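Colleague: Protein chains in written order, with our numbering: chain A, 65 to 391; chain B, 32 to 329.
For the record, the hints were derived by calculation from the structure and aren't laboratory data.
One-sided and incomplete, this derived list gives chain B residues near chain A with beta-carbon spacing under 10 Å: (1) VAL51; (2) PHE53; (3) PHE60; (4) ILE79; (5) SER130; (6) VAL164; (7) VAL199; (8) LEU223; (9) MET238; (10) THR249; (11) PHE251; (12) GLN267; (13) PHE311.
EDC-like, lysine to aspartate or glutamate: derived pairs with alpha carbons at most 20 Å apart: (14) A/LYS382 to B/ASP141; (15) B/LYS233 to B/ASP207; (16) A/LYS382 to B/ASP207.
These numbers were taken from a predicted model, which means no experiment stands behind them.
Idealized CB from N, CA, C, for every residue including glycine.
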Amino acid sequence: MTETEIAGRPPAGTDGRARRRAPETGREARVLARRRRRRLAPYVFVAPYALFLVGFGIAPAVYGFYTSLFTDDTDAGTTFAPLTNWGEVLTDYRLADSARNVATYVALWLPSMLVLIFAIALVLHARPGRFAAAMRLVYYVPGAITGSAAALLWLFMVSPQVSPFSPLLDLLGVENATEAVSGNTPLILALMGIAIHAGGWILIVYAALAALPRDVLEAAVIDGASSWQVAMRVKFPMVSRYAALILIATFAAGTQVFVEPTVLATGVPGQISSTWSINQLAYYYATQQGDFGKAAALSLALLLVGLVVALFVIYRTKFYRIDRGLS
Amino acid sequence: MAVQTTTHGAGRVAGGSLRVGFLMVCAVFFGLPVVWLILAATKTQASIFSDHPLSMGSLGNIAQGWSNLLTFNDGELVGWIWNSLYYAGSSVVIATVLSVPAGYALAKYDFAGRKALLVLTLIGMIIPTAALVLPLYLQMNALGLLGTPASVILPLAFYPFAVYLCYVYCTTSLPDSLLEAARVDGASEAALFFRIVLPLSKPIIGMIFFFSFVHAWTSFFLPFVMLSDDRTFNLQVGLMMLLQSTDAINAEGGFAALPIHQPEAALAALVAVAPVLVAFLFAQRYLTASDVSGAEKG
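The whole structure should be built from the sequences, with the hints applied where relevant.
Modeller: This is the structure we're talking about:
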């Protein structure tokens, strides 16, 4: 496909070619000016955002790293001890438990949610319409319930006497909320995590599917592909960059899980440790011990784990490549 | 031929009911907690335990619950709702204006610093809030902004996830051929962005609007740290304070004298969710507003 065909204005192209053979100085100057503007344009587009990125992202992160290098003592004052916080945090006896909890949680939550997100989005997109729109809303709403209200909601969901899921809980032989939580903490948290997080991603993948070029999909149907084949061989590969984005974001979110265990711990006291997850341990350092150096060290260690996985995904999927000639 | 059509049709019906069945099972999983929450708001403290989980109380209980919620600090709840709308509304506008051009430029221009910006944005996206909030607190303190709306709005307006959404959308759904064609036609880079990219990016702008709204509306830890006067609280921080000082969540905790129990907590949750639903319905309209392939054929 040439540019003129796409533009649908043949004279522009032929005109340009004819003139290029006999260049005029005025035209050359205009072309040069336009090239310069094209070189400068991206900087203008990113500048305002870059300002916020530095001010509210990079600067505080660097400062956080800086605090992690100092220890704060009521007697000795603030001292520069680059390895103390990091060493104490990484050898904290609670970290091993938290890390194991989080690993179990991520292993249960992440794969099942990824499959569910793409399954639901692709099935919804097979027949867009009012029903699909209503379903997207239904899937989204649990994620919008946060904070104390979420604690109340999920406590009731796991209490067999009052839960709408009581037949299911009876089936599992669960007698009360405490029992439900103590025996199956990672499973219940993973189910909560899916209910809370899947809806947003379903929206995003659906929006991506809705923006796919219609002619490609129509061509596949005309070629005799079933809706299953269209979904798996045409639609999914076209939105694969979203899969990479979801993998990066959900892995980071999973390793930083905080809301679900905190919420459940509020509802069912004594069954879930206040340092169940790694991120909770970081908050514990900051809020219970007032030790911000340690909190920063552990948070940044979590960031590093997420970053390693993210860069691996980015490298494997060529996520940052600029595509030339998509069509 | 006729036979073939029939089997094909039968397969389609079977596939259709399978599809609807799958979606309905998922709807039960996601929807049942919400249905329960709505019903809980119609019940009384006693009937929430004694009646069937999916039975309905009376609508009068909702009105009663609302006036019970307003007994807390002379209806402070209403002020929190306005604060939340103000903080979230301002940060959404800034976040959208910042992230759409940035995501587009990162996707469609090759420029020095592009990869660095992408990686730094990635770090901003996945960095734990705990690592940022305390330094932000000190930063706002140094700027003398602590306790002001700006101390909440500005950090919330930095929403790197929106940049990535726009970046992925532009790389996936915005053909280069289209942009080149417009350049050949003599469009300036600004005209390209405003007249071609923006109209074609409506679905993702709707998504960015929606997600940055939810991000700001549900934010808890940042306003919790930045704001100390309870009149400036947003709804999330306010509700946490309200519910923890009553016996709605913790039976041991606080002022049992206030008539705020589980039904009121359920109602408070619904009040907190309602604007998200409105934003959803608003963003929904943009979802299918674009068709790049049609534009390409011009």
